[in-house]
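With the hints as your guide, set chain B onto chain A.
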Amino acid sequence: MSANPFHIDPERARAEVEAFRRKVEAGMETLKNVGPIELGTTPREAVYTEDKLTLWHFKGTKKPSAKVPLLICYALVNTPWMVDLQEDRSMVRNLLEQGEDVYLIDWGYPDGADRWLTLEDYIDGYLDRCVDVIRRRHALDAINLLGICQGGVFSLCYAALHGDKVKNLITMVTPVDFHTPDNMLSHWARNVDIDLFVDTIGNVPADLMNFAYLTLKPLRLNQQKYVAMVDILDNPKEVENFLRMEKWIFDSPDQAGETFRQFTRDFFQKNLLIQGKATVGGKVIDLGTITQPVLNIYAEQDHLVPPAASLPLKDVVGSKDYTVLPFPGGHIGIYVSGRAQKLVPPAIHEWLAAR
Amino acid sequence: MADKPNDFIDQYQAFVRQGVEAWAKQFDPGAAPTEAPSADIVGRLFAGLGGFGDWMRAFTSGESPATPFAHGTPPFGQPGPAEGFAPFGYGPPPGAAPGSDGFDEWARVARETLSMPALGLTREQQEEQQALLRAWIDYAQQYARYQALLQRVQDRAGDTMRSQGMPTDADSLRTVYDRWVNFSEESYAQAAMSEEFREVYAALVNAQMHLKVLQQRQVERFAVQAGLPTRREVDSLGERLQAVRRELRQMQGLATEVEVLRAEVAALRGAPGAAERRSGASRKDVGAKAAPARAAVKKVSARKVATKSGATKKSAVAKNAAGKKAAAKKVAPKKVARGKTR
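Chains as they are written, first to last, in numbering that gives the first Met the number 0: chain A, 0 to 354; chain B, 0 to 341.
No wet-lab data here; the hints were simulated from the structure. C-beta: ideal position from N, C-alpha, C; glycine also. There's no promise every hint is true.
[What the hints assert, rightly or not] Chain B is faced by these chain A residues, among others (derived, beta-carbon under 10 Å): (1) 119; (2) 124; (3) 181; (4) 182; (5) 183; (6) 187; (7) 188; (8) 189; (9) 190; (10) 192; (11) 199; (12) 216; (13) 218; (14) 302; (15) 306; (16) 307.
[Claimed, not checked] 16 Å max Cα-Cα, derived EDC-like pairs, lysine to aspartate or glutamate: (17) A:236 / A:87; (18) B:211 / A:194; (19) A:224 / B:234.
Same shape as in the complex, but just chain A (with noise of 0.2 Å):
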C-alpha cells in the first residue's frame, strides 16, 4: 500500500503532468518578450537630495486641492515603489487624483559607506530636513506625514520628537508592540546575538533580508508561487504585473548596519517603542506626547506586522483624535490590490480634510 492517500486516475494524473509542461514551454516565449519592467510610473521631481536620498515631489494631473502636503516616509527595508508599482496600481496616483500634494522619501540604497548612520541620522536628519524642505517650501509650520511599516515607526518617533512640525499622523502597517504572540520575525530575532551579527557583516545585505521574508512562508513564496506563475504564462500582461512585484521585492536596498542593530535590538528584541524607553539620539521616545491627530490603517491579514502589533497604539498615543481604519488583505495589498486603490486613498483624503 503506498502513502498516497488519494486516488487520482493515474492516466489522468499523466495527462496532468503532460500538459503543465507545454504550458510551461508554451510560457517561454511570453518570458523572452517581456520587456525591462519598470517601478514609480507617476511624474515626478527631485526637491532635494542628500547622500543616497531623494525627496520626491508626485506631479498629478490636476493642482493639488489640498493646503497641507503629505510626506510619505517608508520603511527603509525594500525600496518605496510600492506605493506607485504601476499606473493602476498606485497609492500615489490615488492619492493625487483625491487632490494631495504628496512627497516621498527615497532613502537610497546604503553602501559601505553609510555602515554608521543611526536611527538618530535618519529620524532626527534625514527625515527631518526634509520636513524642513518641504515646510520652507510651502511656508508652513507642519505638514501631514504618512509613515508605512518601519517607515511608520520612524513617523511615530519623528512625531514624538518634532510635534511641531507635524500637523496630522498616519501610520500604515505599522508596528508598536513588537512581542505579540503571531509576531514571526521578532520571535526569531529574540535571540540572536545583533551585536555579534552586525559586528561580523557590517551593512545586511539585501539578499539577507529577502531570505528571512521568504522562510516566514518558505513554500508559498519560494515555490507554490511559481508554480503558480505558470498559470498566467499566456498572458502577457499578468505576467508584466508578477514580474513587476518580483523586482520590487528582490530590488531591495541593503540596511545600514549601526542602524539595522539599534532597530533590531531596541524594537525587535526589547520591544521598547510600546514602553516609552526607545531613544534617538540619547533622546526618549514617549508616544504620549503625540497628540496631533492620528489615523491608524492597519492589513488585517498581514503576516509581517499582525494587526494585534499595530493596534496598541491607541493605549499609548497622547493624541484625543485617534481613529484606526482595517483593510482587508494583506502586507502588500493594502497598496496594490484592486480594492485597495478604491478604498485606502480616498479614506486618507477624509481624514485629513476633516481636518
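Below, chain B without anything else, positioned relative to chain A:
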C-alpha cells in the same frame, strides 16, 4: 577517521598548506571564471517548478519529499555545510554528513584535538585556524539541527495530510499539491513560533556569524601582509567620519539657535528710538519679527551644508528648492501659515 593525534597533525599541516594555496589562487589570473549567472526570471521560475517536480515525483512514488522547506534556499544566502566541505578543504571523512553519527564522532575528536595549545612562532595564527575549524564544526552541527527540525515539520505535515483521509475535491495533482502546501505551511508556522525553533534559529545564525568573523580575521591577516587596505580600516574611517558629520550637524543646530536668540534679543532691544514703539508691543509681535530672522538663518545654514558636503549633483536641486522657498516665504505671511489651511 582522524582518531589519533598524529593523523590529525598530518591533516592539520595539509590543511594549512591547502589554505595558503587556496589563498594564493585568488590572485591567479589564469583561474577559471565563476559560472555565468543564469537569467533571473527563468532561474527563479525553475527553482520553484523544481520543487513542484520533486513533490510530484515523490508523491507519485508514495514517498514524502525530503526537506522541501530548504529547497533552493541555502541558509542565509550561503551554501550550507555539505558533506566533505570545510574551510580550506579540511573536513570529515567521506560519508559523514553533518547530523550523522559519523560526523558527530569526527567532530568530537576534532574538537578535542583542536583544543590543544599551539606553540612557536606561528602560535597565534594556529590558534586562529583551530578556532576557525571549531567554529565550522559548530556551524555544521547547528545547521544539521535546523535541517532536522525542518524535516520534522514536513513529516508532521505529511502525517496530518494522511490522517485527513481522501478529500472529495482532490481530483488533480495540483489540488493535492496546493493542499499539501497548506498543511506544510501550517505545520511550519506552528513550529516557527515555538521556543525550540527560536533557539535553533538563533544558534544557527550566531554560529554562522562566529564562523564568518573568524574567516574575516584570516583574510584580514593576509591582506595586511599583502599591504592591502582592510574592511576594518575602512569601517574605522567610516565610523569616525560619520561621528564628525553628526557633530557638525549638532554644532550647526546650536549656531542656528544662537542666531535665533540673537535676533530675539535684537528685536527686544530694538534700534535707537524703538523702545517707545515697542512699549505697547505684545510678545506675539516680537515673535513675529523674530520669525523671518529664524527662517533666514535656516536657509543660510542649509546652503552651507550643501556646499560643505561637496555634493555637486544636488546643488541644482537645492538651489531650485531654495529659490522656490524664498519666493514662498515672501508671499506667504506667517499668519496664513499658522491658520487653518484645509
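Hint check:
Look at residue 119 of chain A: its Cβ gets to within about 7 Å of chain B, closer than 10 Å, so that hint holds up. Evaluation of the residue 124 of chain A hint against chain B yields a held restraint, the C-beta minimum of about 7 Å falling below 10 Å. Proximity of residue 181 of chain A to chain B holds as hinted, the smallest CB-CB distance being about 8 Å (cut-off 10 Å). Taking 10 Å as the C-beta contact cut-off toward chain B, the hint placing residue 182 of chain A at the interface holds, the least distance being around 9 Å.
Below 10 Å, beta-carbon pairs count as interface contacts, and residue 183 of chain A has one with chain B at about 6 Å; its hint therefore holds. Among the interface hints, the one on residue 187 of chain A holds; its C-beta lies about 5 Å from the nearest C-beta in chain B, closer than the 10 Å criterion. Interface hint at residue 188 of chain A: satisfied, since its Cβ lies 8 Å from the closest Cβ of chain B, which is below the 10 Å cut-off. Checking residue 189 of chain A against chain B: minimum C-beta separation of about 6 Å stays under 10 Å; hint holds.
Nearest Cβ of chain B to the Cβ of residue 190 of chain A: about 3 Å, under the 10 Å cut. The hint holds. At about 5 Å, the closest approach between the beta carbon of residue 192 of chain A and any beta carbon in chain B falls short of 10 Å, and the interface hint on this residue holds. Interface hint at residue 199 of chain A: satisfied, since its Cβ lies 4 Å from the closest Cβ of chain B, which is below the 10 Å cut-off. Restraint check, residue 216 of chain A versus chain B: the minimum CB separation of about 6 Å is within 10 Å; hint holds.
Nearest Cβ of chain B to the Cβ of residue 218 of chain A: about 5 Å, under the 10 Å cut. The hint holds. Given hint, residue 302 of chain A at the interface with chain B, holds; its Cβ is 9 Å from that chain's nearest Cβ, closer than 10 Å. Violation of the interface hint for residue 306 of chain A is found here, the shortest Cβ-Cβ separation to chain B being roughly 16 Å, above the 10 Å cut-off. About 13 Å separates the beta-carbon of residue 307 of chain A from the nearest beta-carbon of chain B, more than 10 Å, and the hint is not met.
Only pairs whose Cα atoms come within 16 Å are accepted, and residue 236 of chain A paired with residue 87 of chain A is accepted, the gap being roughly 12 Å. Taking the CA atoms of residue 211 of chain B and residue 194 of chain A, the gap is near 14 Å; set against the 16 Å cutoff, the hint holds. Between the alpha carbons of residue 224 of chain A and residue 234 of chain B the distance comes to roughly 40 Å, so the proposed pair goes past 16 Å and is violated.
Hint compliance for this structure: hints 15, 16 and 19 are not met, and every other hint is.
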